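Chains as they are written, first to last, in this note's numbering: chain B, 1 to 326; chain E, 327 to 841.
In short, the hints are calculated from the structure, not lab data. Since the structure is predicted, the reported quantities are computational estimates derived from the model, not experimental observations. Accuracy of the hints is not assured; some may be wrong.
As the list claims (entries may be wrong) - Computed from the model, here is a short list of chain E residues facing chain B with C-beta under 10 angstroms: (1) 395; (2) 434; (3) 443; (4) 446; (5) 473; (6) 638; (7) 639; (8) 643; (9) 647; (10) 665.
C-beta: ideal position from N, C-alpha, C; glycine also.
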Amino acid sequence: MKDTRLWLAQNYGPLLAFIVFALMFYTFIARHPVGLTVPVATTAANKAVLLALIGMAQTVPVLTGGLDLSVGFMVVMTNTVASVIVVGSPLQTALGVIGVLAVGMTAGFINGAIVVYGRLQPIITTLATGAVYFGIALFIRPIPGGTVNYDFADFMTFTVFETIPTTLVLLLIVVVFIWIPFRRSTLGRGCYAAGSAEGAAYLSGVNIDRSKLAAYTMSGLLCAIAGLVLTFITGSGEASGPQGATFTLASIAAVVIGGTSLYGGTGTAIGSIFGAFILRTIDDLLFVFDLPPLWQPLFQGVVLLTAVSLGAFAVIRIRNRLDLFQ
Amino acid sequence: MAEASTKTPFWRMERVSKHYGGVIALDGVDFQCERGEIHAVLGENGAGKSTLIKIMAGVVQPTSGQMFLEGQPVTFPTPVAATDHGIVCIFQELSLMPDLSVADNICITSPPGRWGFIDHKAQKRRAEELLARVGCADVHPGELVKNLPLSRRQMVEIAKALGREPKLLILDEATSALTSADVEEVYKILARLREQNLSILYISHRMHEIEQLADNCSVFRNGRHVETFDKGTRTDDEIVQLMIGREYSQVYPPKPKHAVAPQPRLEVKNLSWEDSLHDVSLTVGKGEIVGIGGLDGQGQRELLLALFGVLRGTSGSIAIDGQPASIGSPGTAKSAKYRIALIPEDRKSEGLMLPMSVRDNISMASISSLTKGLVVDRAAEDQKIDEMVRKLSIKVGDLNDAVATLSGGNQQKVVIAKWLMTDANTILLNDPTRGIDVGTKQEIYQLLRDLADAGAAILYYTTDYDELIGCCDRVYILYDGRIIRELDGDDITEHNIVASSLNLPLEQREERAGQ
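Extracted from the complex, chain E is given alone in its bound form (with noise of 0.2 angstroms):
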């Protein structure tokens, strides 16, 4: 790397902040990356990489600092100005139409043609010959988007960004939905393109990829590049070190000891669903808080929507206080029978009515068990919503005031409302802390393990390994859909927590303990 310092870097970001209102999500990071070379990015959630790429391919735009494509210094006020630079992004979430045919995708940013008409043969030749690049002969460029399985419209992807002839090809986990033979397909073609002289930049949270493939690695954590080096500079363990050691900023509620386990509530076995769900089997007990960790999309959102009833063609088996359940839909996970609440992650479309009013919003849930007849029993209602506004300490001028005029954390204690009127004593939360306050966040942790004490069991979902640690008696890490570690008691480190989020063995363990 001594040598990128002598001469002006292919690409080089100074200072640059991106902050969404008070949250910073990038803090002056200072980035370069070279022709030649695949760059790897590595960071817990919310560490900053996905608003580092977006950046960089102009979704968004910095709140301050400087960017310079071989010394120019450039701005991206769209995701065309950057591709116009030679800057292509493959993006997490597939950015190709469904409903247009393959070809019509790969050159959609720029067909054939002339004087705006599309050249519909000269179109069909290019995305062959692109498909034929990354070993996708077989796929009909004919074919509509939608038609293919998942693991070839990323190969579609790949190609359409190859079509656009990037100088810095930017991959966000781009090989998490492929087959082995593709990923192997995609290494090659990656080595090619680095022979070519292209600029790689590799995101990842496989380990074994980015020694296989990267030349370099950067690794980044709360908003803030900690340090870039060379593939093999470093062991994983110094890696997982480097991405961790946040400052601890919440108080939690003490961890009760539980002398003897728990009496299980929540029976779950070899649960699995579609691509996302394989195998999973976890329990939760009367009084426990069951953590779930592992990196975002790793199965955790589906896993809660099936315990809900929400997904079909789940398989497996749900017990609920060892009685077989089969639970059908919310409707059924709600009643009197399985007595689960869900807190969804989307407060604004899955949790609330948000015209609605504060009152109705609360009662919502449980309209059905206060209606007496065929009119709702509105002082029995009435009373109940007091004494949840009171429970949780909800801020609110009016009950009749629409629930969109309350914060964020308020409009989050709503939710949480809503569902202990169910009576639920089984609660799963997903990401329920994301986007509030620190108060409202201590009082929720508080809430949770009052909840925990009188005998509910919660399955906690969250993004926050912090809160993983804090929060939760136990904890399951997915990876790929499946659990891949239980962590108990003093094992729920951040170490622990994310070096088995990126798959790697726990060695370090005893030594650790040992000093």
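Isolated chain B (complex conformation) (with noise of 0.2 angstroms):
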């Protein structure tokens, strides 16, 4: 009894998220003209499912206290290279995506490297190696062009069963096979204790070094995933700033959203998935209600403030005016 309630009142943030989503997916399905049929949810899950994987991405780094500005050029550029190695026999298809993983772990790899070892902040470290990796997205793909093994990437954005979204399954997967087992890991714990209080984590003997290594890393392969799943919805490579520059923006507000705290050490990227939907949802309701989808950024603006200040009624509880400033 007492452990619902608590999990309730820890989880409160991804909790509301839910509710939140669940209310504009029902009000979009019933505003619909065809209501939920299963192109009408593939469609929607395909978009929603690629920004939830960068939200989850943004998420891990921002646990530790950090931020990865890069997330949306790890995406692009895992894009290209897929655009160019997922290709030929289902055996080279595999080898392509095992490669595309490879090619993300390494850049977030990198960012981790540099924020741990060099010292650097994680916000200019990440600005600049994004900068880098779009470089080498533009590099593999000057013009937009290249393409992909075509059945699978089919069987990626339709359906399985005929009933339920593939990229549904696919982040299904991600959460169960990765994102829960590191939750539950040393290293995972080690994320949360630094981005909640690192000079105490340092004092309890937490290896705060490799938990923020993982995370950058865990950072780069959920962009990789991400980048896939682009790859196999526009069936092709695209190295697009704007779009990177978009993707992370989205990836940000998506944390938020679900709970996420900007400082550090609370929140899941369970949380961020649900905040990635409200995001995309924003989007199929105007297109409901016959409103310009130009006044999508308004509504995305109005969610995000609404989501920061239910974060902020910690600040009243503050009896010592300089610990504001902490």
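Put the two chains together into one complex, using the hints given.
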């Protein structure tokens, strides 16, 4: 009983995000001319899962008290890589997928290594490496193009058993086989500890460096998965700067809406998934209410502000004003 | 203790020193302690207690010297290395992670599980078992640490330390945040651990605790180990005598004799804030330098912050020049109505904008009074800044240099100049001479006396007892957020200050006066 109450109290951010998303999605389906059909669900899922993966990628560095501005560009870079190597026979395709994941993890590892061993601020480090990754993407795809194994891409962007969108299954697999084990590992624990009180974590003998390195590498891996999904959706590769930047900003928004503190230490990638779903559904709602899509940034901004305000209530309790600036 | 010299001591330090730049925190310390004993460590501020335990816990490295555990030489490059040898420290600043659950915190160092994955059920069981051991079965292991009251957090901290299977447990002021029921529980735990043949190092400023708990005591002074003795072989007064007796090196300006009590400027009645201040009442008169003493962390910092309008939710009343004052923010405090200044504790973070120029820093607090219309009157600003630089003889090449390029002493002068420029007549100082050179210290003492002679009321918190004796007309000693003693004139002696800081009675006073 007490366990349940505590669980609710400690997960109210992600829960709230889930409830808000459920209401929004219900409204969307209720207003939709054809209702909840498999094609409607699949289209919505494909777009939402892409953003959810990027949101998850952002969550892990944020939990350590950092930030990763390069997530969008890691997605773009892995997209261009995928448009070159995820082709050919099933074996070649499989090797290509592994190659893309390795590229993403390497990019994330480099971010982590600079932050941990170079002792540079995460924001400026990833701003710089993000530009480098975008440069590499441009080098691979100076103009949009390339291709992908279409059979595999079709499978990934349609449904399993002709009912459930494949990308949703992919997201579930990522949560169950990547996020939850990480959350339950000593490395994951170290990320939360470092974000909560780095000095205390050090005094407690937590290996902070290894945890941070793992956090950024994990971020790169999730970006690579997102890059693959993007490639399957578009069927080609494009080194798009605006898209990279939009992904990065949306990922931060998804993290915050999902109840993760930008100061680090609290939150979960599950929350970021619903944060991303909320951002996507705004778009769909504008569509079903026949509102101009140009209003989308305005609504996204309002939702983000509301989410941030909910987190700001704690400030009211602070008794020593100097603590406000720490 | 004769027995100890014949066998290998459990823990031994030989000629251990620690230098921070030119400051010597520990000076060739020989120290040892045994299994199955509770060993109290005593000393005033800056005696080297904290450095000693930081070295033992692997937080800082000694500059020279050797350490032996059961006769084997050991070095602790990291806190983990110390824990691996069974040396576990409960620090004064909590080493808990507020956003993690109680169970997560207790098991943070080596969580149960395998292949790097944590077994949550086992972790919860372990946490429950350890919490029960410290008599905190009411704390739920799933609760976040930040939602617990301070006293419970401290007990969780103790449970966490016990979970690391210590052979030598160090407690640094571990009971200062506890309720009396908890303290009893901690005593019982410590007595039990002693029976289990643990070695316990206990740092406390509560003499009655030491009398109740310790088997023997070591006294530190000026970074040196003065003496180790068995409990009961020294009286409180002898212990205080061991703790004091520093060389007096400073020269202070003479204190004026006040024929009549000065007119009060600042009157504080029953000021309370959270758990840090309890019914603090004090007066500072015009032309008076009033000191605040006591061991570090007894509410002195909070008292100054409360008077400067930084703390929310204070109770009690403050009057300036006999008029009730309501000081809601530093902006109000410095306004022409109240004219209060606070020289903060940490000049690098609270006193200065390090990358900004000396000029901008000096005029920072009085910039609004120098503004005409929308722009700053640069001529008037320059004139006042020049006046301040001359008055305080700040050594600065170019006023446009970043203040970070100045020496520590000159930086502190810039902070003081900034507040003098506001024409404040009530000046609060929070340990302003920490880490600055002797020459600048003496200039500051002289400056404070000059300001007082010109009619300012000065409230001066310092961790250096020497300064309380040399500079202050009256001294209030804080203990546990309360003023437990006021010392006046010739009663301001090192003996009285140290005894008061330990909450001991001043019964020796008449006897000494009679000598």
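Which hint numbers does the structure go against, in order from smallest to largest? 1, 8, 9, 10
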